[in-house]
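*Asks:* Spelled out from the first residue to the last, the chains are:
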Amino acid sequence: MERLILRKLQADGEEMILNFGPQHPSTHGVINFMVETDGEVIRKAIPDVGYLHRSLEKIGEQVGYPGYMPFTDRIDYVAAMFPNEGYAIAVERLLKLEVPPRAQWLRAISCELCRIASHLISVGTMAMDIGAFTPMLHGVRERETVNDLMEALCGSRLTYNYHRIGGVAFDLPEGWRDRTLRFLDHFDRFLVEFDRLISFNEVFVKRLAGVAIIPAPLAVDYGLSGPNLRGSGVDFDLRRDMPYAAYPHFRFQIPVGKGFVGTVGDAFDRFYVRCLEMAESSKIVRQALESLPDGEYMAKVPRRIKPEPGEAMSRVESARGEMAYYVVSDGTEKAARVRVRTGSFTAMGIVDAISPGLMVADLVALIASLDVVAPEIDR
Amino acid sequence: MNQPAALPGAPGAPTSPAARRRARAVLGLTLAVGVGLPGLLFGLIVALTPLRTVVPAGWSEGQVFLLHAVGLAVLAVVLVTFGAVVSGITVWWEMRVFARMSSRVGYNRVGAGGFLQWVADAVKLLLKEDLVPADADAVLFRAAPYFVIVGFALTFVVLPFGESLVAADLNVGVLYVLSVTALVVVGILIAGWSSNSKWSLFGGMRSAAQVISYEIPAGLAAMVPVLMAGTLSMQDMIRAQGAWPWEWNVFTNPFALVAFVVFFIAQLAEGNRTPFDLPEAESELVAGYLSEYSSFRFAIYFLVEFGNLWVMSAIAVTLFLGGWQVPFVGPEVYAAARGAPGSIPGAGWWGLQVLSMVVFVVKTLAVLNLIVWIRWTLPRIRVDQMMSLCWKYLVPFAFACFVGTLFWQLLVTAAPWAARATGYALTAGFLVTAFFFLRLTLRNVSAAGDRVDLTNW
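Just so you know, the protein sequences line up as chains A and B, in that order. Each step along the first sequence adds one to the number in my numbering, with nothing skipped, and position 186 is 186. Each step along the second sequence adds one to the number in my numbering, with nothing skipped, and position 349 is 349.
Heads up, a few of these hints could be off.
Examples of chain A residues toward chain B, derived with CB under 8 Å [claimed, not checked]:
| hint | residue |
| --- | --- |
| 1 | 127 |
| 2 | 138 |
| 3 | 189 |
| 4 | 203 |
| 5 | 206 |
| 6 | 364 |
Here are a few chain A residues that face chain B, going by a calculated C-beta distance under 10 Å [unchecked claim]:
| hint | residue |
| --- | --- |
| 7 | 3 |
| 8 | 202 |
| 9 | 263 |
Keeping only pairs whose Cα atoms sit at most 20 Å apart, straight-line, the calculated DMTMM-like set for lysine to aspartate or glutamate is [what the hints assert, rightly or not]:
| hint | chain 1 | residue 1 | chain 2 | residue 2 |
| --- | --- | --- | --- | --- |
| 10 | B | 198 | A | 15 |
| 11 | A | 44 | A | 333 |
| 12 | A | 206 | B | 121 |
| 13 | B | 198 | A | 202 |
| 14 | B | 198 | A | 40 |
| 15 | B | 392 | A | 48 |
| 16 | B | 198 | A | 48 |
| 17 | B | 198 | A | 333 |
| 18 | A | 300 | A | 333 |
Everything labelled a hint here was simulated from the structure, so no lab data went into it. Ideal Cβ positions, reconstructed from N, Cα and C, are used throughout, including at glycine.
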């Protein structure tokens with residue numbers, strides 16, 4: 001792979017080839033960017049992915065349907081609820097299973113809290129990559145509270161393994177609703193403080209406005225999804241446009257990039273769309289907690305899950321864009337094929353197209369603004 | 001030590017007699033290092049710096065020379081040690097401030113309040129292997145830290161501490177400081193080049209471009225107080241200012257106020273401090289020119305980086321903020337307390353010296369703290385923005401201040417009340433700004449509402 005990339009780069013005379021990773025403080029996990037630079041200016045940057053490939057799709061064919069759920073956590077360990085949910089929905093479609101409303105609501109609550117936790121890391125590390133350490137720690141502080149809530153809900157702080165085929169693993173613990181509402185009251189004020197601390201800081205804005213612009217047609221062409229796509233001004237969100245689970249019952253806005261301080265689709269738009277999405281997630285969690293229906297939180301699922309031969313597809317709006325599962329059953333207890341499509345993988349593709357002409361520091365901003373997570377790219 | 005050493009009597013303080021004894025011992029050690037060591041160093045500076053002016057009656061010329069030579073040699077050791085200790089304590093202070101700013105506890109394991117962490121870090125670094133990377137230019141790689149430490153240590157020659165507390169009051173003081181600090185960039189450039197690492201090379205190049213560019217606005221801005229005082233000597237420049245804020249250079253001349261801001265920004269850039277920490281930008285260049293350094297050589301870079309904060313602050317205080325001037329204590333008071341020239345001065349004079357040193361140290365620490373706040377608040381600017389800020393804004397502003405001060409001095413010579421009136425007006429303006437800033441901060445704090453519960457930490 002490295003040799004293939006090296007063939008595309010040239011370093012004769014003025015240019016220098018730089019291995020930007022895999023051990024580099026801002027490659028967000030394990031990614032390598034092979035960069036051809038002329039001084040500080042980048043001629044070409046090509047991502048070299050695969051350092052965290054763990055055969056997660058193949059494992060889906062080796063373990064039974066319920067047994068694969070904890071493995072899905074590892075697809076995106078920063079926001080582990082979404083791979084849980086996507087897989088659960090895919091298998092439920094395969095089984096033609098009706099999920100009780102309370103479980104749907106609990107899925108929405110857990111996923112939106114998870115989105116908050118994931119975006120906190122994203123905007124925090126973005127600030128850190130631009131050189132400000134404090135906002136990142138403020139983000140981690142808030143995430144810590146979300147992690148506490150998640151721990152109370154499902155016993156884990158990172159890899160939740162909360163969703164089940166046919167519902168969720170546990171009902172809400174006692175007092176959880178009030179704790180969450182208290183956190184959200186605090187969190188809404190935190191977002192205002194965060195904007196004051198970093199989002200509209202003059203130095204921060206100067207670093208991100210008009211940098212690494214991804215025009216809407218290019219974003220669509222490269223298959224960007226989620227906040228990266230919406231940052232380019234494309235108004236598309238699976239929660240609204242292809243509704244699933246409990247989302248049709250909630251009222252929320254879909255923030256899109258408007259060129260808040262510069263051009264539509266610049267690094268700041270992708271950053272700020274995430275900030276705005278956190279506020280929307282907070283609204284969704286509030287609505288869901290208020291309208292939480294009573295009843296079962298788990299459907300009647302046969303002990304041995306053996307779907308009819310066939311195939312099913314699910315698409316959920318993850319924190320990093322569209323997460324799609326394609327599951328094929330051959331009538332046995334193990335899936336014949338599990339395929340996962342993730343937002344980070346397509347986001348990585350666009351680096352090649354956007355990077356020429358950027359400064360080295362802008363490349364860091366571009367990577368941070370795409371909010372990739374290494375195992376989601378490699379799986 | 002896997003438990004933080006809580007102070008005796010504090011919540012969570014150990015209860016068993018043995019643990020209490022240990023906590024008391026830790027507190028004692030912390031106080032010894034935290035108060036005793038700087039106290040000893042300050043005491044030696046107070047005792048040794050005025051030695052040059054003392055000529056004991058009846059001593060031959062050779063004996064007096066020997067006395068002064070030995071005194072200066074000891075003073076040199078004291079000042080370098082002071083630089084090291086001050087940089088260590090600055091690290092601790094910075095980490096504690098940063099921890100509070102980011103809702104964390106910060107250093108709290110080694111010593112009371114984690115104070116001895118810098119000692120532990122230094123010992124750890126000295127015990128590590130001193131690595132030289134393969135294919136690095138070994139000679140230059142090993143030599144680079146010496147340029148850096150020499151450039152740092154030499155500034156202490158003219159750095160004032162009090163009315164008579166300066167190692168050597170050179171008549172070219174400001175020029176001397178500007179020139180010896182340039183040695184640091186030589187060391188950084190050598191480090192960047194000799195490490196045989198692309199990150200180091202990037203860091204070294206950025207640093208060279210940055211420090212050399214920002215020396216121009218810094219030098220021009222430093223000329224403003226030089227024009228106002230009519231001397232290059234650090235001590236005489238302080239003597240030309242008064243003790244009260246409206247008598248400081250920064251407020252008596254509107255151009256000097258702008259020059260102070262330019263100078264402060266340029267000093268941040270020269271010290272590679274945020275928002276100008278591009279040469280060692282972690283998220284971009286791993287550790288910049290430091291990437292390949294380890295052990296003792298890394299410790300030297302670290303020491304200089306933090307020790308420079310003191311130097312930067314002390315120079316800013318000297319040039320613009322009235323230095324060691326104590327209210328109601330004019331030169332005649334010092335002269336009266338001094339007694340006959342050459343004799344050993346009386347206790348009153350020593351007391352005045354200590355007082356002036358306290359004033360100077362407090363001002364310096366205030367500026368130092370400001371630099372720490374800035375570091376943990378602002379992001380980093382980009383390399384092209386760094387260059388355009390310097391050449392498009394700071395250099396023209398500094399030059400305009402320089403020319404403006406020339407005319408201002410003509411005005412002040414014709415009408416001395418102008419300087420006084422400006423002093424009052426600008427001081428009042430500063431106080432009003434500070435008031436509104438404080439009010440805004442308090443409003444923001446209350447708008448942020450309740451803090452996250454920290455008790456489960």
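*Asks:* Each hint should be assessed against the structure and marked as holding or not.
*Replies:* Against the structure, the hints:
1. 127: With a minimum Cβ separation of about 7 Å from chain B (threshold 8 Å), the hint on residue 127 of chain A holds.
2. 138: Check passed: Cβ of residue 138 of chain A comes within 6 Å of chain B, closer than 8 Å.
3. 189: Holds. Min distance 4 Å.
4. 203: holds (5 Å)
5. 206: This hint holds: residue 206 of chain A lies near chain B, its Cβ roughly 6 Å from the closest one there, short of 8 Å.
6. 364: With Cβ-Cβ at 5 Å, under 8 Å, it holds.
7. 3: violated (19 Å)
8. 202: holds (9 Å)
9. 263: violated (17 Å)
10. B/198 to A/15: holds (12 Å)
11. A/44 to A/333: violated (47 Å)
12. A/206 to B/121: Cα-Cα ~36 Å, so violated.
13. B/198 to A/202: Violated, at roughly 30 Å.
14. B/198 to A/40: Measuring from Cα to Cα gives roughly 12 Å; hence the hint holds.
15. B/392 to A/48: Violated - the C-alpha atoms of residue 48 of chain A and residue 392 of chain B are around 39 Å apart, more than 20 Å.
16. B/198 to A/48: Measuring from Cα to Cα gives roughly 19 Å; hence the hint holds.
17. B/198 to A/333: This hinted pair is violated, its Cα atoms lying about 53 Å apart.
18. A/300 to A/333: Holds - the C-alpha atoms of residue 333 of chain A and residue 300 of chain A are around 18 Å apart, at most 20 Å.
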